[in-house]
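Working from the sequences, and respecting the hints, build out all of it.
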Amino acid sequence: MGDNNGKSRILSIQNLIIKFKLRGQVLTAIRDISLDLYKGESLAIVGESGSGKSVLVKSIMGLLDKNGYVDQGEILYKDYDLAKFSTEKDWLKTRGREIAMVTQDPMTSLNPLKSVGKQIEECVVLHQGLKGKEAYKRTLKLLTDVGIHDVEKRYKQYPHEFSGGMRQRIVIAIAVACNPKILICDEPTTALDVTIQAQILQLLKKLQEMYGLTTIYITHDLGVVAKVADRIAVMYAGDIIEVGKTHEVFFNGKHPYTWALLSSLPQLGAKGEELYSIKGTPPNLFKEIKGDAFAPRNPYALNIDFVERPPVFKVTDTHFAKTWLLHADAPKVELPKNLQGFFEEGRRYAHGE
Amino acid sequence: MHMGNREVLLEVRNLDVIFGKGKSKYHAIKDVSFKIYKGETFGLVGESGSGKTTIGRSIMRINEVNGGEIIFKGKPINGKIPKNWDKEITQKIQMIFQDPMASLNERAKVDYIISEGLVNTKSYKNEAERLEKVRNALLEVGLLPEFSSRFPHEFSGGQRQRIGIARALVMNPEFIIADEPISALDVSIRAQVLNLLSNLQKQNDLTYLFIAHDLSIVRFITDRTAVIYKGEIVELAETEKLFANPIHPYTRALLSAVPEPNPYKERTKTIEIYDPSHHNYDKEPPSFTEIEEGHFVLANEEEIARYRTTFKIGV
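These protein sequences, in sequence, are chains A and B. Counting from 1, position 47 in the first sequence corresponds to residue 262 in this note's numbering; the numbering is continuous, with no gaps. Counting from 1, position 16 in the second sequence corresponds to residue 72 in this note's numbering; the numbering is continuous, with no gaps.
Keep in mind the hints are simulated off the structure, nothing from the lab. Treat the hints with caution; some may be incorrect.
Result set (PhoX-like, lysine-lysine): computed pairs, CA atoms no more than 20 Å apart in a straight line [claimed, not checked]:
| no. | chain 1 | residue 1 | chain 2 | residue 2 |
| --- | --- | --- | --- | --- |
| 1 | A | Lys421 | B | Lys94 |
| 2 | B | Lys148 | A | Lys420 |
| 3 | B | Lys297 | A | Lys486 |
| 4 | A | Lys420 | B | Lys321 |
| 5 | A | Lys486 | B | Lys325 |
Chain B is faced by these chain A residues, among others (derived, beta-carbon under 10 Å) [to be verified]:
| no. | residue |
| --- | --- |
| 6 | Glu263 |
| 7 | His462 |
| 8 | Ala485 |
| 9 | Gly487 |
| 10 | Glu489 |
| 11 | Tyr491 |
| 12 | Gln555 |
| 13 | Gly556 |
| 14 | Phe557 |
Where a beta carbon is used, it is the ideal one built from N, C-alpha and C, also for glycine.
Written out as structure tokens, the structure is:
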């Protein structure tokens, strides 16, 4: 979607459709998505569970479940089209080496039978071709980089001897061990305490600068997004319905689903009053979706929303949204009350800078 | 708020909980005291391992208490108590659990899950009354009565949490301990469950102990909040006072770590880090002191003096 101030594109997803075969039925998890990732930025993908954010990044990593397949579209990275990769051998060209991932739960993503040092060294040996002493030294350096003290002792310890936050640091060390270009963080802090969360996010930011990483965050916590993201893509029912710079989506969001997500934040609620909540449930992805997927739950839905799928409308050079409300003939709608104040506050901050 | 005239529903006095014996002894809760007034929502926040769930479980009488008293409606509920009082509090104090995926019996139908408490305490006259109670509980949490013949796996996370709430409500409780009731739920479902909890509170005149680690939700839903660190309450105040004027360094660190949905603020914010070795408690041990009306903080005299000058609080 568009150009990003001349920054170079590192990954480009074009017209991607991903389907799953399930009990004789076909489910469309990703419905015709296009998205560019620019070098050095950090992009956050937000959405409810089931919106397809994890499926999207799994398709980039080649980790889709066996019954899932790319039906149409391209995922372009360097000279490769990842959507065409079929064998493990293909995927090993990029997975880990070029694109690495930090998973959600540090409790289950480490091998409990191997010392953490050995687990990190494994990657160093495999991907960087280092051996013996050099590999060991490099591992210690990685441990230091992710903020672990007393590294020689820690190298020999097993995952159960580490706390949740420390384990997540190890997982991050493994991910950056292969010097990847892109780092995908799938809910990196949901399993952690707030104080630890703040530390891990700070660490990820530091590593991004140190290693020149491009990062993709998957999260449903808008607070985390505000802290780390340069750009946001909002997903709903397998589609990216809005994408823009962080402040654009936060304080000048255009899609009613973005409004709904922001409105349901407790920070925007008034004490003692009902907190805004999205009525209804997400659509059934086994069925073909007509029009705007959010229309049945959308109080601002226009008639056309139930008939025709909205195209991408441009708001600014960096901000795009798929909603008919942006069409020239659409009626003007008033924002929800609590959002008006929130947007106003954002504008004040923007001018204050 | 007139604290003096309000009815105290639950009081915890000098609670001590110790796990293990001898060498592996672990002092989980150290001399914790607080009061919960009738009709309010009392928040308990802290990191994992701080002991907030242990306090909840002690009130539920799942954990043994090693010292101190828990008083409900003026009468102690721990230690040796008469049988009919035991039965009454079993019914009056209920709990809502964190993970709706793990807290419902997978092999039982919703009807059984909700009425298990009724059956155990034999608090219905005939089958028709039991069915009526289950039906009402389901309607109260916004589920259809037909759902009672289904199994938990047929429901979404939000619906399962509603079943968990219905199971507590069916006992007609006065006091509900909600242990992280929404942290396992999706953003949009969270709002629904929060609204449900506050509506039920108004309708049924409930009092909540709300245990959570997400401070934005605590701020939204609670009237008073206690911050707990390593088994000790370090600060307790009306929620708005606590958020507007946090005094204890741990509270300040905790509040500064909460990410706010505002990219401008987030980028410029500095995160405070709590260093427990700053306290000089060897010479002068701390006590729980009221620093302004209804605002308590764990500190020694030297610190109190410092807090008073730094934060400009009336004497």
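Hints, one by one, checked against the model:
1. Lys421/A / Lys94/B: Status violated; Cα separation ~48 Å.
2. Lys148/B / Lys420/A: Given pair Lys148/B, Lys420/A is violated - Cα atoms ~49 Å apart, limit 20 Å.
3. Lys297/B / Lys486/A: With a Cα-Cα distance of about 14 Å, the restraint between Lys297/B and Lys486/A holds, given a limit of 20 Å.
4. Lys420/A / Lys321/B: Judged against 20 Å, a Cα distance of about 17 Å means the pair holds.
5. Lys486/A / Lys325/B: 25 Å, violated
6. Glu263: Hint holds; Glu263/A Cβ to chain B Cβ min 5 Å, cut 10 Å.
7. His462: 5 Å, holds
8. Ala485: 9 Å, holds
9. Gly487: Holds, because the Cβ-Cβ distance from Gly487/A to chain B comes to roughly 8 Å (cut-off 10 Å).
10. Glu489: 5 Å, holds
11. Tyr491: Because about 6 Å separates Tyr491/A from the closest Cβ in chain B, which is inside the 10 Å limit, the hint holds.
12. Gln555: Since the shortest Cβ distance to chain B is 15 Å, the answer is violated.
13. Gly556: 12 Å, violated
14. Phe557: 8 Å, holds
Going down the numbered hints, you'll see the structure goes against 1, 2, 5, 12, 13, while the others check out.
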